[in-house]
Each structure stands twice: as structure tokens, then as C-alpha cells.
Amino acid sequence: MEDDKIIILMDHTIHHNEHHAEDFISLANDLEKAGETDAANLAKEAAKDVENAVNKLKEAREIYKKNIK
Numbered sequence: 833m834e835d836d837k838i839i840i841l842m843d844h845t846i847h848h849n850e851h852h853a854e855d856f857i858s859l860a861n862d863l864e865k866a867g868e869t870d871a872a873n874l875a876k877e878a879a880k881d882v883e884n885a886v887n888k889l890k891e892a893r894e895i896y897k898k899n900i901k
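Quick note, the sequence shown lines up with residues 833 to 901 if you use my numbering.
Among the hints, erroneous ones may be present.
[Unchecked claim] For each label pair, taking beta carbons as the anchor points, the in silico distance ranges come out as:
1) 837 <-> 874: 31 to 39 Å
2) 836 <-> 861: 36 to 44 Å
3) 869 <-> 900: 43 to 51 Å
4) 892 <-> 855: 21 to 29 Å
5) 850 <-> 873: 18 to 26 Å
6) 834 <-> 869: 42 to 50 Å
7) 835 <-> 869: 41 to 49 Å
8) 873 <-> 847: 20 to 28 Å
9) 866 <-> 834: 42 to 50 Å
10) 901 <-> 845: 20 to 28 Å
11) 850 <-> 895: 17 to 25 Å
12) 850 <-> 899: 20 to 28 Å
13) 834 <-> 855: 29 to 37 Å
[Unchecked claim] Below, in silico cross-link-like pairs of lysine-lysine (PhoX-like), each with a Cα-Cα straight-line distance of 25 Å or less:
14) 890 <-> 876
15) 865 <-> 880
16) 888 <-> 898
17) 876 <-> 837
18) 888 <-> 876
19) 837 <-> 888
20) 901 <-> 890
21) 876 <-> 865
22) 901 <-> 837
23) 890 <-> 880
24) 890 <-> 837
25) 837 <-> 897
26) 880 <-> 901
Read the hints as simulated data drawn from the structure, not as lab findings.
Yeah, the Cβ is synthetic: ideal placement off N, Cα and C, and Gly gets one too.
Sequences and hints are given; from them, build the entire structure.
Here's what the structure looks like:
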């Protein structure tokens with residue numbers, strides 16, 4: 833049962849952070865429209881960082897699932 837809880841937590845964390853990345857992209861677009869190029873670029877970098885973190889969590893989840901079988 834503990835394994836199921838860990839997978840559920842990982843799934844939730846992945847989904848939650850995917851939404852953060854989307855929010856950062858939206859913010860970057862708003863900043864660009866406001867003429868704030870430097871701030872927009874940083875928001876885009878933040879989105880990429882979150883996307884990279886999500887990808888690592890997805891890899892970790894797959895490794896975990898493989899190892900608990």
C-alpha cells in the first residue's frame with residue numbers, strides 16, 4: 833500500500849508542477865506584451881526549469897514503478 837501512496841504523490845506532484853510551468857509561460861507572454869523582455873525571458877527560463885524538473889520526476893516515477901514489481 834505504501835508503494836501506491838508514493839506513486840499517487842508522484843503523479844500529483846508531476847501534474848501540479850506541469851501547471852506551474854504553464855502559468856510561467858502565460859506570465860512570460862503577459863510580460864512580453866508589457867514590453868518587459870528581460871523579465872519575460874526569466875519567466876520562460878523558470879518554465880523550462882520546472883519542465884526539466886517534471887521530466888526528472890517522470891523518470892524517477894518510471895524507475896520506481898519498475899523496481900517495485
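Evaluation of the provided hints:
1. Look at residue 837 against residue 874: about 36 Å separates their beta carbons, and that is inside 31 to 39 Å.
2. The beta-carbon spacing between residue 836 and residue 861, approximately 38 Å, falls within the hinted interval of 36 to 44 Å.
3. Checked against the hint of 43 to 51 Å, the C-beta distance between residue 869 and residue 900 comes to roughly 47 Å, which is consistent with it.
4. Distance hint check for residue 892 and residue 855: the Cβ-Cβ separation is about 23 Å, which falls inside the suggested range of 21 to 29 Å.
5. For the pair residue 850 and residue 873, the beta carbons lie near 21 Å from each other, so the given range of 18 to 26 Å is met.
6. Taken as a hint, the range 42 to 50 Å holds for the pair residue 834 and residue 869, whose Cβ atoms sit roughly 48 Å apart.
7. The hinted range of 41 to 49 Å is satisfied by residue 835 and residue 869, whose Cβ atoms lie roughly 47 Å apart.
8. Against the hinted window of 20 to 28 Å, the Cβ-Cβ separation of residue 873 and residue 847 comes to about 26 Å, which satisfies the hint.
9. Between residue 866 and residue 834 the CB atoms are about 48 Å apart, so this pair conforms to the stated range of 42 to 50 Å.
10. Taking the beta carbon of each, residue 901 and residue 845 are about 21 Å apart, inside 20 to 28 Å as hinted.
11. As the Cβ distance of residue 850 to residue 895 is approximately 19 Å, the hint placing it in 17 to 25 Å holds.
12. A hinted range of 20 to 28 Å for the beta carbons of residue 850 and residue 899 is consistent with their spacing of about 24 Å.
13. In this structure the supplied range 29 to 37 Å holds for residue 834 paired with residue 855, their Cβ-Cβ distance being about 32 Å.
14. Only pairs whose Cα atoms come within 25 Å are accepted, and residue 890 paired with residue 876 is accepted, the gap being roughly 21 Å.
15. In summary, the hint linking residue 865 to residue 880 is supported, as the alpha carbons are separated by about 20 Å, within the 25 Å threshold.
16. For a cut-off of 25 Å, the pair hint linking residue 888 to residue 898 stands: about 15 Å separates their Cα positions.
17. Between the alpha carbons of residue 876 and residue 837 the distance comes to roughly 32 Å, so the proposed pair goes past 25 Å and is violated.
18. With a C-alpha separation of about 18 Å, the suggested pair residue 888 and residue 876 falls inside the 25 Å cut-off, and the hint holds.
19. Of the supplied pair hints, the one linking residue 837 and residue 888 holds, its CA atoms being roughly 19 Å apart against a limit of 25 Å.
20. With a C-alpha separation of about 17 Å, the suggested pairing of residue 901 with residue 890 holds against the 25 Å cut-off.
21. Between residue 876 and residue 865, the direct Cα distance comes to roughly 14 Å. Compliance with the 25 Å bound is thereby established for this hinted pair.
22. A C-alpha spacing of about 15 Å is found between residue 901 and residue 837, which places the hinted pair at or below 25 Å, so the restraint holds.
23. Straight-line distance between C-alpha atoms of residue 890 and residue 880 comes to about 15 Å, which keeps the hinted pair within the 25 Å bound.
24. Taking the CA atoms of residue 890 and residue 837, the gap is about 16 Å. The hint holds against a cut of 25 Å.
25. A hinted pair counts as satisfied when its Cα atoms are at most 25 Å apart, and residue 837 with residue 897 qualifies at roughly 12 Å.
26. Restraint check for residue 880 and residue 901: the C-alpha separation of about 32 Å exceeds 25 Å, so the hint is violated.
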